[in-house]
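Whole structure, please, built from the sequences with the hints as guidance.
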Amino acid sequence: MKTCICDKCGKEIEINIQEDVIDIDVDSEDDVIEQFFVCPECGEHYTVFISDRFMRQKIAARKRLKREPMNYNPALDAALV
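Numbering (our numbering), first residue to last: 30 to 110.
Treat the hints as calculated values from the structure; they're not laboratory data. There are no misleading hints in this set.
Listed below are the simulated DSS-like cross-link pairs for lysine-lysine, each with C-alpha atoms no more than 30 Å apart in a straight line:
| # | residue 1 | residue 2 |
| --- | --- | --- |
| 1 | Lys-95 | Lys-31 |
| 2 | Lys-31 | Lys-87 |
| 3 | Lys-92 | Lys-31 |
Structural data, given as structure tokens:
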């Protein structure tokens, strides 16, 4: 498991990614999700990533592209970025 040093208390902690719905997208009514971890020593909260449905779809599309190296299209990958 990956570890890091907490900026607040200086302890080495294991990074245990959690997810939480932090908002609802008004236009699409889909969840906005925050991925984060918390220092078990002092409770400091570290946000890793925040995504909505649009972002999650783009990430999934890029993963599909990279899983198929024979059909990989650099132009399509660049457009997704």
